[in-house]
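Using the sequences plus the hints, can you model the full thing?
Chain order of the listed sequences is C and G. When the count follows the working numbering, it moves up by one through the first sequence with no breaks and lands on 239 for the last residue. When the count follows the working numbering, it moves up by one through the second sequence with no breaks and lands on 239 for the last residue.
Treat the hints loosely; a few may be bogus.
What the hints assert, rightly or not - Here are the in silico distance ranges between beta carbons for each label pair:
(1) Met15/G to Ile217/C: 34 to 42 Å
(2) Ala39/C to Arg203/G: 26 to 34 Å
(3) Phe57/C to Arg21/G: 51 to 59 Å
(4) Ser207/C to Arg21/G: 54 to 62 Å
(5) Gly96/G to Ala55/C: 34 to 42 Å
(6) Asn60/C to Gly195/G: 26 to 34 Å
(7) Asn5/C to Gln53/G: 52 to 60 Å
(8) Leu73/G to Pro129/C: 24 to 32 Å
(9) Lys4/C to Gly195/G: 31 to 39 Å
(10) Leu173/G to Arg68/C: 28 to 36 Å
(11) Ser221/C to Gly56/G: 25 to 33 Å
(12) Glu194/C to Ile61/G: 24 to 32 Å
In case anyone wonders, no lab produced these hints; they're calculated from the structure. None of these values were measured; they are calculated from a predicted model. Glycine is no exception: its CB is placed at the ideal position from the N, C-alpha and C atoms.
There are 2 protein chains.
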Amino acid sequence: MISKNQIKYVHQLEMKKYRQREGLFVAEGPKVVGDLLDAGFKPSQLYSTEQWQRAGFESNIVTDEELRKVSFLQHPQQVLAVFPIPQRQEACKPMGLSLALDGVQDPGNLGTIIRVADWFGIDTIYCSPDTADAWNPKVVQATMGSIARVQMIYTDLEQLISNTSLPVYATLLDGNDIYQQELSSEGIIVMGNEGNGISAPIRQLVSRKLLIPAYRIGAESLNVAIATAIVCSEFKRRS
Amino acid sequence: MISKNQIKYVHQLEMKKYRQREGLFVAEGPKVVGDLLDAGFKPSQLYSTEQWQRAGFESNIVTDEELRKVSFLQHPQQVLAVFPIPQRQEACKPMGLSLALDGVQDPGNLGTIIRVADWFGIDTIYCSPDTADAWNPKVVQATMGSIARVQMIYTDLEQLISNTSLPVYATLLDGNDIYQQELSSEGIIVMGNEGNGISAPIRQLVSRKLLIPAYRIGAESLNVAIATAIVCSEFKRRS
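Structure (structure tokens):
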């Protein structure tokens, strides 16, 4: 059973201001919810149809109709859970290879980037405050569960990058062919906004400019998630 | 001006059966329409607001309100054009490096793959008949104009691949680390369906099995467009 008030409460978490006020986010489906539980996330609310079961977790059993009402998905998938947003780690210093997103706006792109980071074993993604919110239900679902394994830290990128001794990489129009460059196993890879790229203050802090060369004159630019995947692939294959 | 009948006619082209019957597709916005005109596509209908102009092309001037009515976009962009779908080239034999899509379903993925192919200078994408239709307005827009430069051929992949002497590559769970393999400058790269991968008959025809290694145990699989980008990047950086 789920009450009207509970449905209303969950629905409010679609909005960033409610997520921030409550410190909670919503995840759906056996895969995404399962990955979060596997990673040690503790649900504050758990609603599922009778199909879904998980040892050690008691859920509020709901009907398909009730799940449809509370879900953000067009095709609800057995289970919906509300989890606390992990506390931001203030003093976290970049280590190994990490990503920094400077104004990525599209929730689908952000979700895909989190999935790419997971695949390539990148543990931390730093995000500028104007990057899309990773705890938006659309992003959470687009990660397919990868958000359980990648740490998201919203912070002042300028400060973060100014204070690091690691190399700072970015793909820029005046960069050097990534396939020909030495790439280190530690560093921060900055990816920018879909329309405007990397902001001017951050661009000035980039120590190693890269370029993914186009193999056709006049080709459209690459989508930011695609570019992230190609860059991560290049770093990791050499490590 | 645009009549109600003209609007209705354009709207029908959202459906594959009408596109196939009429042999027409819709493109919108200065970038996508411009790229198609640059590539020599001849519009059969052209509607634009007074903002949009292009030497040598006469358009029906419409108001913002009329454009909003005919457009498939949430935010219409100055111009909408109807173009003939390029005639399929029956006897086309694979040459150089090409892609073959075996049941890619999501229009966004297909659009992104076309954009990736454009970037990496891949001229032809072969598609199984059950792959999403490249002339779907969602796909056309997602290509950001790349569809003007990449030839799309819907055909029986089994027959195509059976008759080629080129190597046939695919990423499969039992494949060999792509970063360690020799990759030829000619060949067909097969990419499969989002949920089910490559169909059994096509899988049997793959001569060189590849694997993009995961760098984290338990990582979610890669999205098909992301995998396509990583594979194309690997092929092209060595060519």
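Quiz item: If you check the beta carbons of glutamate 194/C and isoleucine 61/G, does the distance land in 24 to 32 Å?
Solution: 31 Å, holds
Quiz item: Per the hint of 34 to 42 Å, is the separation of the Cβ atoms of glycine 96/G and alanine 55/C within bounds?
Solution: Cβ of glycine 96/G to Cβ of alanine 55/C: about 54 Å, so the range 34 to 42 Å is violated.
Practice problem: Could you see if the CB distance from lysine 4/C to glycine 195/G stays within 31 to 39 Å? | Solution: Given a distance of about 35 Å, which is inside 31 to 39 Å, the answer is holds.
Quiz item: CB of leucine 173/G to CB of arginine 68/C, is that within 28 to 36 Å?
Solution: 35 Å, holds
Quiz item: Are leucine 73/G and proline 129/C spaced within 24 to 32 Å by their CB atoms?
Solution: 29 Å, holds
Quiz item: That 25 to 33 Å hint for serine 221/C and glycine 56/G (C-beta), does it hold up?
Solution: 27 Å, holds
Self-check item: Beta-carbon spacing of phenylalanine 57/C to arginine 21/G - inside the hinted bounds 51 to 59 Å or not
Solution: 53 Å, holds
Quiz item: So does asparagine 60/C sit 26 to 34 Å from glycine 195/G, Cβ to Cβ?
Solution: Taking Cβ atoms as reference, asparagine 60/C and glycine 195/G lie about 29 Å apart, which means the hint holds.
Self-check item: Hint check for arginine 21/G and serine 207/C - Cβ pair distance inside 54 to 62 Å
Solution: At roughly 57 Å between Cβ atoms, arginine 21/G and serine 207/C fall inside 54 to 62 Å, so the hint holds.
Quiz item: Between methionine 15/G and isoleucine 217/C, does the beta-carbon spacing fit 34 to 42 Å?
Solution: 35 Å, holds
Quiz item: Between alanine 39/C and arginine 203/G, is the Cβ distance one that fits in 26 to 34 Å?
Solution: For arginine 203/G against alanine 39/C, whose Cβ atoms are near 33 Å apart, the range 26 to 34 Å holds.
Quiz item: Using the C-beta atoms of asparagine 5/C and glutamine 53/G, is the stated range 52 to 60 Å upheld?
Solution: 56 Å, holds
Of the numbered hints given earlier, the model fails hint 5 alone.
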